[in-house]
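Enquirer: Listed below, chain by chain, are the residues.
Protein chains: 2
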Amino acid sequence: MADTEDPRVTRSREAVLAAARELLREEGPAAVTHQRVAARAEVGRATVYRHWSRPEQLLTDAMAGVRMPFFLDPTTPVRPWLKAQLRVLADELALPDVLAVTTSLLHGAVWNPEITERRDRLAAMIGGRLRASLEMAVRTGELRAAVDPGDAAALLIGPLLYRGALEPGPVPDALLDRLLDAAGTWADR
Amino acid sequence: MADTEDPRVTRSREAVLAAARELLREEGPAAVTHQRVAARAEVGRATVYRHWSRPEQLLTDAMAGVRMPFFLDPTTPVRPWLKAQLRVLADELALPDVLAVTTSLLHGAVWNPEITERRDRLAAMIGGRLRASLEMAVRTGELRAAVDPGDAAALLIGPLLYRGALEPGPVPDALLDRLLDAAGTWADR
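So the protein sequences, as listed, match chains A and B.
The first sequence begins at 1 in my numbering and counts up one residue at a time.
The second sequence begins at 1001 in my numbering and counts up one residue at a time.
None of these hints come from the bench; they were simulated from the model.
Among these hints, one or two may not hold up.
Anything over 12 Å on all C-beta distances counts as not near chain B; from chain A, calculated [as the list claims (entries may be wrong)]:
id, residue
1, Ala-15
2, Thr-47
3, Arg-54
Stretches of chain B that chain A covers, calculated by requiring three or more beta carbons in the stretch to come under 8 Å of a beta carbon on chain A [to be verified]:
id, stretch
4, 1102-1111
5, 1177-1186
Every residue gets a Cβ at the ideal spot worked out from N, C-alpha and C, and that includes glycine.
Can you make the complete structure from the sequences, with help from the hints?
Expert: Next up, the structure:
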């Protein structure tokens, strides 16, 4: 329990968590390894292991309340930017730790209201960012007749989740293009 | 442990599991409730609860080794058949018990080799059936230039999984049509 814990232990735990959050925010889930977190927090790897024996657990705790880089700050033309974002996400979901955190979140959300809230926040964040990028594409004339904004995340990210969680293996460029084509009618194509 | 268990308890457990598998095979995961399984097995509900306190656990055990009805035996024209199948799957994934079993399978597969195998069998089964239905559509001239067969399941089912697991809510018909459109070029459209 925290209230009987040695204050030095509490401090080292917080330093590790802060470092994990920084790495998560700056580089995404793949960067949250014991080694890199220990280096960033300026503690030994044993200290990180003492608090979180598996990287997945550290990543789960770090994810709570951190803004993640996915689909943030779109640039024009939107389509190549979006394709690059989908590629990054597909590659992240291929990493066992990231997949473990993701599936743990999805499973926990079925039973635990606190995790449900965290999942809902994550889904709202990703959905909101995707919508914003598609709106930018519509505004600049790059995209006509886009998918219903409420369906954008399911359509674009669902297949990457399926590949990561059910059919491990590479996500070919052709699939990403097919998803982008399905997201609306693009100009110049 | 099974080898110290009263044989009558073992028999009632097997009767319940057999009933659960029948219901799963005949009607899909939604049918595997304590009440219906007890009625089918001709035991009291308390007997079902004694072995499986949550329907999710019973469903998980019943799923092991059962052929499920999804995407089985396509009929022509394939597109409306496929759309109806996707609708059923979307509705199943909206049920908390089904979602719990699914996410439990996906999460467990990250760590537990036995569950990984079960997940891989499920993914191969679904992927194989979907491919067979698209091949039938191509053979009958209904579909031209279909998606890479290896990507069909991710493309068609991924968005339903995303909606079920991350963005609970109805899957509109328009989204199903968009997915089917993305699966290839259909004749007569």
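Enquirer: Which numbered hints are broken by the structure, listed smallest first?
Expert: Those not satisfied come down to hint 3.
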